[in-house]
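Enquirer: Protein sequences appear in the order of chains A and B. Numbering (the numbering used here) for the first sequence: 1 to 687. Numbering (the numbering used here) for the second sequence: 1 to 197.
Think of the hints as simulated: they come from the structure by calculation, not from any bench. Cβ coordinates follow ideal geometry from the N, Cα and C atoms, glycine included. Careful, some of the hints might be misleading.
Among the chain B residues that face chain A by a calculated CB cut under 10 Å, a handful are [stated by the list, open to error]:
#: 1; residue: Arg54
#: 2; residue: Met57
#: 3; residue: Phe77
#: 4; residue: Tyr78
#: 5; residue: Thr79
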Amino acid sequence: MPKLTIDGREIEVAPGTTIIQAAEVLGIEIPRFCYHERLTIAGNCRMCLVEVEKAPKLVASCSMPVGEGMVVKTATPNVLKARRGVMELMLINHPLDCPICDQGGECDLQDQAVAFGRDRGRFAEAKHAVRQKDFGPLIKAEMTRCIHCTRCIRFSTEVAGVPQLGGIGRGEHMEIDTYVTKALESELSGNLIDLCPVGALTNKPYAFKARPWELKKTESIDALDALGSHIRIDARGAEVMRILPSNCDDLNEEWLGDKSRFSCDGLARQRLDQPYIRENGKLRPASWDEALALAASKLKGARPDQVAAIAGDLACAESMAALKDLLDGLGSPHRDCRQDGARLDPAVRAGYLFNATIAGIEQADALLLVGTNPRKEAPVLNARIRKRWLKGKFPVAAIGPKADLTYRVDHLGTSAALLDAIAKGTHPFAATLKAAQKPMLILGMGALRRQDGAQIQAAARGLAEACGLVKEGWNGFSVLHTAAARVGGLDLGFVPGAGGKDIHGILDGATKGEMAVVYLLGADEIDMSRLGKAFVIYQGHHGDAGAHRADLILPGAAYTEKNATYVNTEGRAQRTTLAVFPPGQAREDWKILRALSDALGKPLPYDSLSQVRARLAAINPVFGQPGKRVGAAWGAFGSPGAVADAALATAIDNYYMTDPIGRASPTMAVSVETFLAGAKPRTGTHG
Amino acid sequence: MSMHREEPASFAFSSDNEARAKAIIAKYPAGRQQSAVMPLLDLAQRQIGGWLPRIAMDYVADYLGMPPIKVYEVANFYTMYNVKPVGKNHVQVCTNLPCWLRGSDQVVHACKKTLGIGLGETTKDGQFTLSEVECAGACVNAPVVAINDDYYEDLDEATITRVLEALKRGESPKSGPQNGRLNSAPLGGPTTLKGGA
Chain A
1 MPKLTIDGRE
11 IEVAPGTTII
21 QAAEVLGIEI
31 PRFCYHERLT
41 IAGNCRMCLV
51 EVEKAPKLVA
61 SCSMPVGEGM
71 VVKTATPNVL
81 KARRGVMELM
91 LINHPLDCPI
101 CDQGGECDLQ
111 DQAVAFGRDR
121 GRFAEAKHAV
131 RQKDFGPLIK
141 AEMTRCIHCT
151 RCIRFSTEVA
161 GVPQLGGIGR
171 GEHMEIDTYV
181 TKALESELSG
191 NLIDLCPVGA
201 LTNKPYAFKA
211 RPWELKKTES
221 IDALDALGSH
231 IRIDARGAEV
241 MRILPSNCDD
251 LNEEWLGDKS
261 RFSCDGLARQ
271 RLDQPYIREN
281 GKLRPASWDE
291 ALALAASKLK
301 GARPDQVAAI
311 AGDLACAESM
321 AALKDLLDGL
331 GSPHRDCRQD
341 GARLDPAVRA
351 GYLFNATIAG
361 IEQADALLLV
371 GTNPRKEAPV
381 LNARIRKRWL
391 KGKFPVAAIG
401 PKADLTYRVD
411 HLGTSAALLD
421 AIAKGTHPFA
431 ATLKAAQKPM
441 LILGMGALRR
451 QDGAQIQAAA
461 RGLAEACGLV
471 KEGWNGFSVL
481 HTAAARVGGL
491 DLGFVPGAGG
501 KDIHGILDGA
511 TKGEMAVVYL
521 LGADEIDMSR
531 LGKAFVIYQG
541 HHGDAGAHRA
551 DLILPGAAYT
561 EKNATYVNTE
571 GRAQRTTLAV
581 FPPGQAREDW
591 KILRALSDAL
601 GKPLPYDSLS
611 QVRARLAAIN
621 PVFGQPGKRV
631 GAAWGAFGSP
641 GAVADAALAT
651 AIDNYYMTDP
661 IGRASPTMAV
671 SVETFLAGAK
681 PRTGTHG
Chain B
1 MSMHREEPAS
11 FAFSSDNEAR
21 AKAIIAKYPA
31 GRQQSAVMPL
41 LDLAQRQIGG
51 WLPRIAMDYV
61 ADYLGMPPIK
71 VYEVANFYTM
81 YNVKPVGKNH
91 VQVCTNLPCW
101 LRGSDQVVHA
111 CKKTLGIGLG
121 ETTKDGQFTL
131 SEVECAGACV
141 NAPVVAINDD
151 YYEDLDEATI
161 TRVLEALKRG
171 ESPKSGPQNG
181 RLNSAPLGGP
191 TTLKGGA
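Here chain B stands alone, though its shape is the one from the complex (with noise of 0.2 Å):
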């Protein structure tokens, strides 16, 4: 595995974070742990902006006591752990089946276009990172496009410019779907369950 160079010199919990550790390991009977190895690695990227850091590793191993190399394990098993830096909004592309036949191929292309760069390329100023990914569990609201902890539903090339777009101007572009439809209901009002009967 390729090291970075970004690697930030040292890394500890926030105090915030350092309570929510605390409550997360509480979950766990004694001598166990270990198992809060996933929720404090989370925490931890979440507090560098992203990604983890060869030194957060190391910082969650020693304070789970357990071997560092269980937590590389872990954090390159799980493809939302990210062990090289993203940007700020890390677009997550869908293309697996359903998301396909909807039209990811489309989305993907927006994407490229939009943002200048090509899948698994950060832009230059740091503010996006696009990746492809595997299913993204809403095939109903395909195609799918994650940003960090927000799904973006129903795309079309139009539709994911916009976003981009926004996002790009700082906005907080409206989560869910983008093509009108309330969460996963029929498109155009509910076909089934209609008047009173």
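Chain A extracted, bound-state conformation (with noise of 0.2 Å):
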């Protein structure tokens, strides 16, 4: 391990450390503008140059390695004296238009200007100009202010997998541009925002509405995916004005979805901010005490067997425990979080988790996808097997849909009985899972929705369990979840009780008229038509598919506006911080719960969000180490038997309307149009 000093202090750092990464390990900050930890070396823009003793010119540190004995210095006379060179350079074509600038207030190059520049510039030439350049409707570009340190180009090209930027032309010509006018064909590419330094790619959206120190920044979780990423919530008074990452290394790593980005928009619209109630057919605004001495006569009224529940992909663990004691106490067993109808079996946790975890995914050395597509079931956990992939030796194979995940894979089929085959070794890619030390099955809702259900999860406990997926140290057994909602519904145990009926058998009964009272509690994805007469109650946020059925409505909160738990795909219970409050009479979701026990007269032993997050940790002991992965033990799961010949299909087509915030939001609306709704032809005189 090489030793080296810089400014002064020794240090020691596994061979191959850069200068920059070394300096960063004791605290030094040497300004860059092209480097990225998280991206290759480009070395282009010069900013980070350092002297080192006995180098014969200043080096580079983010592209120089360190070695043994190196003496560095980062500030002597010569080093500031060329970065303010450098800084001059780069601001002889950057327009100075801050005042206009999106960027403004966190620039980089603002910010390193003020820090090691001149005062002034000396360059009293005309400066360069580019065309205007259309990136789609999330990315607004300003490419006069570009200053090529190619940071999107090595995203595109690495990260998200889809090589569309280029730098087109040479010397002070170069452009970033896609030359054939498109939008960027990536569900991350929302993260160039954040990677460019300067202001050249800018959120479109969020285009002239807010400057940053004028925003309210609330660290919180996305429930947007099942993977719960860390984000950060910006706003300024009552709205959301934009969602932008947060680094976990264990999760997202420093990128976001466009869907969690860009969908915030969503949340302030179809709002529901007050309780309705439906009379001859119409809804009509009503009070609190009204709308809850309602629902309680309803659920007085109905026989405790014909009453149900069904918690949508967005509710929290907190309302969802609530709800599930007010069912226990009124006798009803029917309840379910299972809105997509997935037959996943709750017994055992290992067979409902994503075991492996996200950031076990650079560990594992093959990977079989079943009835997934990750690219669009969670687009950051797609980017982690891409970053396993691209450091080789990972064999990927895939049964069910053909996709373009931007990694190689090996289409095994489409058919179910493949699994059969690759547990009992007559398939080829049984050898290779065999083969590897760490192998691992991603099963995907869309496996998971059909009939046979329950038939798969089990063939695939059988595959896992003869092609040692599962053993001392590593499970390989991994279930990605679409709903944020669904692993901590599933630890709670919001699924039907002794002998309770499921969303099939709720459904199915509400069709036929055994349902007096289903509650919704932001159920919005199942068959409305099918809730027959049934008196429905719906507990949510958006004006979607729920309210518009809905006989009364009970005005609920968004993620981001509750401290509310979420349990991720991995089986990680966190929690989100309220940025804003709910909109007019709204509220958090276990208070209207809770109020409503009270009318009913049997009020729930909680009155504070501390004494319900006790209640979690008593139902599940995971609720009680937020921010902690606690994973399971193995077990038996899932019901054996004769799989369907059928195709697999993905949970997911349209990702970037998965949910009543998403279906609201008119970015995600115009992003369907772009990216989604046949691919308008483009011509080359296109423009």
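With the hints as a guide, bring the two chains together.
Expert: Spelled out as structure tokens, the structure:
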């Protein structure tokens, strides 16, 4: 391990570390534009020049590996002069339009110009300008501001796996471009905005909306897919202005999917901001007292076995626990949190978790995808698979729909019967899995939603056991959920109680008129026409499918508006933080259920958030350890049996609109139009 | 980057070029076929007649299994690939320092006068495109004009006019020095190593 001295301080680092990384360890910050720790090294901005003893010239610290006995100085007059020079060159062609630039206030170039630049320029000639470019509905390109750091090119090529950006032309005429006018076809494109150190690539829906210093920044958790990515919610007053990823090495690194980033404008639209009661087929505004009294009378008036509850994909653990306790109090066993009909066996926790963990993907050495398209279901997780694949020696095979996942996939077929063939060892991929040290299987909701989902789950378990996916210190059996609420719901038992009906039974019963009251906790993804004549209470935050069918609407809070717990697909309980208050008369969801229990005369035994959370931890200790991934022991799950030969499908067709927030978002609507609504012919003469 | 109206509807290598392309790719190790991008682009450019429409770049990208943007980058980086149509004769005048000292200004002037077009323009009949290029690497014979694959050297106003007029008539004027020099030997014969010393 080479030892070196930086600014008089000694440090020993692993061979191959670069000077800038070693300095980072010591807490010495070296300015940079092109260097980014999660991308390859380009070394083209020259901002990170440092002095190395015995070197004839200053060296770029981002691309210089450390050497034994190196003596590095990062703040000598020579270095400062060089940085001043680099800054001056950078600003030659950079328009000084900070007052009208969205990056203003959070711009690396601005900050470093103040810290290291000269106070005036000496360049009196005309600056270079770049024609306006169109990078689609999510990214606003102002390429005149570009300083050619090439971070965007490297991100799209390496991390996103969509090599559509390049440097066109040479020398001072070089431009970052797609060459053919088109939007970057990636579910991770929004990350270019964060990576761009200047205002060349900015957030288009957020353009000219706010300045960073006006925003209240709240660290929270994303709930629009099952990953539980760490996010930062930037709000001004009562409005969420934008959502950014927050660093979390175990989950999302520092990336975020476009849906999670851009659908925040849906939070301000189609909101349920007061209770509504349906009268003569029309919804009319009502007061909370009236609404709760009506709900209580309907619930009390029905036989307990005629009451059912369905929890949606965005429901938090607190509200599901409260609803479960409420139903228990009424004596109804009919409840389900699997609104998409996934036939997941809730009995064994390891049977529904992403046991390999997201960071664990990087250790895996073989992967089988079953009925899933991770690029649509969890784009950030897909980037992790690609990261692993880029390191090499990582065979990936898929049973299910054919799709471009940004890495090479050996498509074995679409039939679920292949699972048995691999488990029995008659399929050649069995040998690949068995030869691997840490083989992995990702089981998607597309496979579990089928009629024979329970059999597929059992078949996948059989495969995992037969091919050595489960062993001491490694469990490669991984279920990829699509709903943020799902694992939490299963963990706290929001599944049919003794003699209770599951989602299929509830809907069948309601169709036949056997259900008197159906309580939808943010459940919008079910076939509302199957609810029959049941009295439908919808508790949620958006006027979506559920609210359209509802006879009574209780306005709840979105994931940005409450302190709530979600368990991600790995089994990690995480807590969101309230960033803005729910609009109008809407309330945090567990409080609504607590108030309803009062109206029913059977008050739930908790009055504060900490008491609800104590109750959660009592139901399942997983909830008592927020932020920590809690694994689970292997066991027997699923129902052994014949698997139908039908083709496996993916769970998500439309990545941009999987939830009521996305469906209310204008940005998601234009994204669908741009990226999904059949490729509109774009010819060479198109603009 | 602007797109071009003259885009052909389709492109594929002719059978001759197909064979050449295969031979070029065979020079590189298996799986490293992307190394052949530059010679293949050259083949495509020659087949089309001096320039590379996007469809040809896409074809080469597909042929070599690489992302189209990587091919666009290469084609737009090197000045000898033309991403805009050029005339049958691409007149490339060097105006770098040695040529300029030796009178490239007069050569440019003569070109403009003879062809009736400015730098970067193409004649209406599509016969000539006039471009200004950086050092052509033949400073010893400055000033130099490259017309397609041929170098016309040691030019002045009269000689470049003569060359262009000949091309206009459809002739193939002799390339090389236009002032009677043998290659880059001194004008008027050798000055050293004379006689049998």
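Enquirer: Minimum Cβ distance from tyrosine 78/B to chain A below 10 Å?
Expert: holds, 8 Å
Enquirer: Should the hint that methionine 57/B touches chain A count as held when the rule is a Cβ pair under 10 Å?
Expert: Interface hint status for methionine 57/B: holds (9 Å vs cutoff 10 Å).
Enquirer: Quick check on threonine 79/B please, does its C-beta sit within 10 Å of some C-beta on chain A?
Expert: Hint holds; threonine 79/B Cβ to chain A Cβ min 8 Å, cut 10 Å.
Enquirer: With 10 Å as the cut and Cβ atoms as the points, is arginine 54/B at the interface with chain A?
Expert: holds, 6 Å
Enquirer: Is the interface hint for phenylalanine 77/B satisfied, with its Cβ closer than 10 Å to some Cβ of chain A?
Expert: holds, 5 Å
Checked against the numbered hints listed earlier, the structure breaks none of them; every hint is satisfied.
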